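J.: Each chain is listed here by its residues.
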Amino acid sequence: MTNIDLRSDSSSLEARLRRAPASPDRFERARGALAARAVASGLVDVAFARHASPLGTLILGVTSRGVVRVGLPAEGEDAVLDDLARRVSPRVLASPADALDHARRQLDEYFAGRRRRFELPLDWRLAQGFRRAVLRATARIPYGRTASYREVAARAGSPAASRAAGSALANNPLPLLVPCHRVLPSSGALGDYRGGADAKARLLALEGAR
Amino acid sequence: MVDAGTGLPPFERVVLRHGPALLRYCAAEVGPERADDCFQETLLAALRAYAELRDRRAIRAWLFAIAARKAIDLHRERARAPRPEPDLEALGAVGAAPEPDPALWSRVRALPPKQRQAVTLRFQADLSHREIARVLGISEAAARRNVFEALARLRAELRR
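Protein sequences appear in the order of chains D and E.
Using our numbering, the first residue of the first sequence is number 1, and each one after it goes up by one.
Using our numbering, the first residue of the second sequence is number 1001, and each one after it goes up by one.
To be clear, the hints were calculated from the coordinates, so they are not data collected in a lab.
Everything numeric in this text was worked out from a predicted model, so none of it was measured.
Incorrect hints may appear among the rest.
[To be verified] Listing some non-contacts, in silico: residues in chain D with all C-beta distances to chain E over 10 Å: (1) 51; (2) 122; (3) 189.
[Claimed, not checked] Covered by chain D, according to a simulated footprint, are these stretches of chain E (three or more residues, beta-carbon under 8 Å): (4) 1034-1044; (5) 1150-1157.
[Stated by the list, open to error] Computed Cβ-Cβ distance ranges for the label pairs, DEER-style: (6) 140/D <-> 1007/E: 33 to 39 Å; (7) 1103/E <-> 125/D: 51 to 57 Å; (8) 125/D <-> 1007/E: 18 to 24 Å; (9) 1017/E <-> 159/D: 48 to 54 Å; (10) 1049/E <-> 159/D: 34 to 40 Å; (11) 163/D <-> 1051/E: 34 to 40 Å; (12) 140/D <-> 1073/E: 51 to 57 Å; (13) 129/D <-> 1109/E: 56 to 62 Å; (14) 77/D <-> 1155/E: 44 to 50 Å; (15) 1072/E <-> 104/D: 37 to 43 Å; (16) 76/D <-> 1159/E: 52 to 58 Å.
Beta carbons: idealized from backbone N, C-alpha and C, even for Gly.
This is chain D alone, in the form it adopts within the complex (with noise of 0.2 Å):
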């Protein structure tokens, strides 16, 4: 520190009071010990992470009952975490939680073909009647295979209602969880996809399906 400095006048007083003691590591260390303490403490209603996977970056949200939300990078994270916040809770925070521990595993084994199915509790509460009932029958495509949505309204208990069943699949909380790629038009087509059209087909690609 010079002569100079301390003899200061105003403009770099005020220069100085706002040069910034704290640097960009040292934010990320708190708020890493922040995200700990704060599940900890039980405040955090949904913990997120980001995950990388083929398809790009992952946001997997899960709550106390288990896994809410996947979202696709086609659907950008900051509209996966105000959706969340908005019909889940605010309390959404990039924090640890076994379950997330368990997603990111098992979807690193689909996407290296070695696992089939998920074996994770899901929390349902983003998906509504009808809706709920079109993902649960979604739920039941085995690996590998697809079904109309036609097929799917039928297994929800609406045979007429495919065109209802084709918007709850385009509005999944819970793509690859819940296999809306294996859903196709019957008239051979991809059909749409929250993720985009070449995600679906290379998940299509990636079970053997196509």
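The hints should help you fit chain E onto chain D, whose structure is shown.
T.: Below, chain E without anything else, positioned relative to chain D:
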């Protein structure tokens, strides 16, 4: 359709948007060795009360008002049980960066409380005078005056 209905952003975004300034504020208010405590206590209290927050446009002032109370608690604690001077090497090991301008900040911490808080909120957390007023429960004019008086005093002391 489920809807928590609060219109609040995910808390994660509050941490990312205001956390770095909060940590700087804490370091300036309570010193670098207790900054993490202040940061965590503030955000835990904020998370606890978050769902009841009514005015989502005033999140920053609300957060720093909590921080100002936590900083006062930590000051009191320190007054009751004075700690030995921090071991700078040990602090380095846990990642507490030393302040860039310790001579200046020790003077800031010796200011009268309102002036100290006002100047810290203004320059370390980058709050507006209106937000400072809200945090400290004073008028905007008083907030402006406290910042001004703090600067005048620091300038006079540094000239000495």
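J.: All hints, please: hold or fail.
T.: Each hint tested on the structure:
no., hint, in the structure
1, 51, "holds, 15 Å"
2, 122, "holds, 15 Å"
3, 189, "holds, 30 Å"
4, 1034-1044, "holds (count 6)"
5, 1150-1157, "holds (count 3)"
6, 140/D <-> 1007/E: 33 to 39 Å, "holds, 37 Å"
7, 1103/E <-> 125/D: 51 to 57 Å, "holds, 56 Å"
8, 125/D <-> 1007/E: 18 to 24 Å, "holds, 19 Å"
9, 1017/E <-> 159/D: 48 to 54 Å, "holds, 49 Å"
10, 1049/E <-> 159/D: 34 to 40 Å, "violated, 50 Å"
11, 163/D <-> 1051/E: 34 to 40 Å, "holds, 37 Å"
12, 140/D <-> 1073/E: 51 to 57 Å, "holds, 55 Å"
13, 129/D <-> 1109/E: 56 to 62 Å, "holds, 59 Å"
14, 77/D <-> 1155/E: 44 to 50 Å, "holds, 45 Å"
15, 1072/E <-> 104/D: 37 to 43 Å, "holds, 41 Å"
16, 76/D <-> 1159/E: 52 to 58 Å, "holds, 53 Å"
Hint 10 alone, counting from the list given before, is not met by this structure.
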